[in-house]
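One letter stands for each residue in the lines below.
Number of protein chains: 2
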Amino acid sequence: MAQEPDGNKPLALGILGYGGLGQAMAQLVARRQSVRWVAVADRKGYGVHPDGLNPLSCQRVYQERGSVGYLEPGGVLSETSLAEIIPQPGVNAYFLALPNLPNTFIASVVQQFLAQGWRGVLVDAIKRTSAVEQLCNLKPALVAGGITYLTGCGATPGLLTAAAALAAHSFEEILQITITFGVGIANWEAYRATIREDIAHLPGYDPAQAQAMSDGDIEALLAQTDGKLYLENMEHADDVILELAGICPRQRVTVGGVVDTRNPRKPLSTNVQITGRTFENKIATHTFTLGDETSMAANVCGPALGYLQAGWQLHQQGHFGLFTCAEVMPRWVS
Amino acid sequence: MAQEPDGNKPLALGILGYGGLGQAMAQLVARRQSVRWVAVADRKGYGVHPDGLNPLSCQRVYQERGSVGYLEPGGVLSETSLAEIIPQPGVNAYFLALPNLPNTFIASVVQQFLAQGWRGVLVDAIKRTSAVEQLCNLKPALVAGGITYLTGCGATPGLLTAAAALAAHSFEEILQITITFGVGIANWEAYRATIREDIAHLPGYDPAQAQAMSDGDIEALLAQTDGKLYLENMEHADDVILELAGICPRQRVTVGGVVDTRNPRKPLSTNVQITGRTFENKIATHTFTLGDETSMAANVCGPALGYLQAGWQLHQQGHFGLFTCAEVMPRWVS
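Chains as they are written, first to last, in full-length UniProt numbering: chain A, 1 to 334; chain B, 1 to 334.
There could be a bad hint or two in this list.
Where chains are identical, the list cannot tell them apart; a pair therefore holds if satisfied intra-copy or between any two copies.
[Claimed, not checked] Under the rule of at most 20 Å between Cα atoms (straight-line distance), these lysine to any residue pairs were calculated in the SDA-like manner:
id	residue 1	residue 2
1	K139	Q317
2	K282	R31
3	K139	T104
4	K282	S269
5	K139	T285
6	K139	V258
To be clear, the hints were calculated from the coordinates, so they are not data collected in a lab.
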């Protein structure tokens with residue numbers, strides 16, 4: 001029998017990337033008992049503290065001075081913060097809150113972990129199909145390297161994908177899975193990278209173009225649509241994740257939505273509809289709808305934390321490799 | 001590293017109990033490639049066939065002669081069918097489609113499996129909190145005996161409970177989980193045991209009383225309410241299952257619904273509402289609603305089959321003991 005995980009051992013968590021999602025994860029973890037936030041990195045530096053980092057002081061330092069590398073004690077300024085934080089001991093798991101720009105960036109980060117012989121849990125909230133496919137290619141290396149990697153563990157892919165995978169079981173054949181999200185944020189500047197990733201999904205844009213846009217370019221674009229981004233048939237990894245889980249061909253999964261960058265109220269209720277045919281040959285649609293008052297940060301970071309905990313359990317049981325949000329039930333973190 | 005399961009090895013499935021749910025599971029499995037239905041038992045007999053049983057001929061024999069023990073070949077008439085089917089080789093997993101009447105019955109069945117030294121996967125679609133608690137007491141014996149037992153794997157507990165467990169991750173604290181089901185069946189006689197279990201939840205009834213009712217008694221009761229059963233604050237294991245998963249105290253989980261025994265149309269759309277408080281101190285409610293055209297059989301047997309497959313994977317990896325629908329993601333069966 002495989003080793004049972006030690007449920008009492010707190011998870012020592014690192015966060016890579018300290019934009020909106022990284023900061024939200026830090027806040028969220030600070031209020032849980034069984035996870036300790038011990039490491040953080042941004043482009044210009046990193047901070048490590050085995051007794052736990054303080055989200056308020058980290059956020060202040062980051063906002064005032066531009067990098068967590070200015071943290072005292074524990075901060076280190078470095079242009080190669082990622083390469084330097086990986087060998088730091090005592091981190092069980094990392095949440096990759098890095099913008100995946102360019103689209104090969106997350107895979108290149110994972111290769112750095114592999115190259116350094118790091119063992120533990122990695123969880124991303126990646127979006128694009130092609131980005132997940134790059135990670136699939138790394139599966140044998142992850143197995144061999146002793147890394148338990150969970151991909152697509154935010155809201156979509158993530159919570160909504162997992163809900164679809166679960167709901168699918170009422171059916172014999174899945175005909176269509178449609179994810180429609182509404183995101184409302186009052187200040188797009190707090191989610192610069194996320195908004196650029198969204199813009200990269202618009203017709204006529206790609207990740208390289210979106211990355212190259214100045215803040216002024218983005219303001220000008222948003223001014224044309226009253227601050228809203230309308231996204232249809234996005235390249236979203238929900239499709240490959242549901243295909244990998246065996247649930248349906250990826251062509252039957254579509255993702256779209258509306259992002260309002262000038263209003264915290266959601267322009268529509270985020271939902272996933274799962275349409276299938278039952279063994280009694282009835283066609284029906286299950287629907288999972290998120291409460292409008294839940295923010296993107298809550299719907300991304302909460303599930304990601306649950307998958308981190310699930311990944312930690314898998315890791316302690318000796319399960320390494322690549323897993324998706326549709327294969328693993330996230331575990332509650334108290 | 002724990003052994004990886006052999007994904008190509010078909011799951012050899014047995015079904016204990018051959019009422020409405022057992023027959024539905026047999027039909028559902030017949031249309032999947034990676035699971036083979038090889039064993040079935042009812043009160044008066046059992047049938048085993050390593051190459052697979054035929055659901056149509058089984059159902060005909062059962063309806064015409066009253067027991068699968070009359071099957072040819074492979075049928076055996078026996079008053080101790082359960083005790084005799086357990087030692088039959090070649091069954092990886094059993095779906096316990098037995099009515100849990102009396103309320104200790106499923107636990108007593110599990111003890112028979114343990115006493116005979118059987119190893120494999122057991123999955124139930126049990127309903128009552130107290131029944132799951134009895135199984136919790138058997139956890140050490142299941143671990144020691146090499147049985148991977150998944151409890152509460154139907155619709156509720158089951159699909160809706162798992163959806164609640166998943167949805168909970170958007171929140172820091174769960175305030176209320178409310179499951180409301182609508183069931184419409186044209187012919188309650190096909191689900192005699194299920195209807196008796198429902199009646200046992202009505203004010204003034206308990207499982208012993210419900211079990212003792214004649215079909216005429218039930219007809220008389222249903223005549224008073226135009227064939228509908230209104231159920232509130234039911235003793236339903238969704239509460240203990242969500243508590244065991246750490247999500248919220250059981251008092252915050254309520255289950256109720258309406259069963260129409262004279263109409264296949266559901267009297268209301270089955271749903272679960274998950275209300276919580278996010279880390280940003282917002283109160284919100286996520287909702288998962290089942291399509292009305294999905295039957296109880298589809299929503300119970302489909303998820304149960306997914307949990308059987310997940311349990312088979314866990315078992316092959318050496319994970320034994322008691323698991324719930326809120327801890328394990330069901331696996332798709334092709």
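Is it within, between, both or neither when you check K139 against V258 at 20 Å Cα-Cα?
The answer is neither: 33 Å in one copy and 48 Å across copies each exceed 20 Å.
Alpha-carbon proximity between K282 and R31, which holds within one copy, between copies, both or neither at 20 Å
between (45 Å within a copy, 15 Å between copies)
When no copy is specified for K139 and T104, does a C-alpha distance of 20 Å or less occur within a copy, between copies, both, or neither?
For K139 and T104, only the intra-copy Cα distance (16 Å) is at most 20 Å; the inter-copy one is 46 Å.
If the cutoff is 20 Å on CA atoms, where do K139 and Q317 land: within, between, both or neither? Let me know, please.
both (18 Å within a copy, 19 Å between copies)
Taking 20 Å as the upper bound on the Cα-Cα distance, should K282 and S269 be classified as within, between, both, or neither?
between (27 Å within a copy, 16 Å between copies)
Could you place K139 and T285 in one of the four classes (within, between, both, neither) given a Cα distance threshold of 20 Å?
neither (34 Å within a copy, 37 Å between copies)
In terms of the numbered hints stated before, the structure departs from hints 5, 6, listed from lowest to highest.
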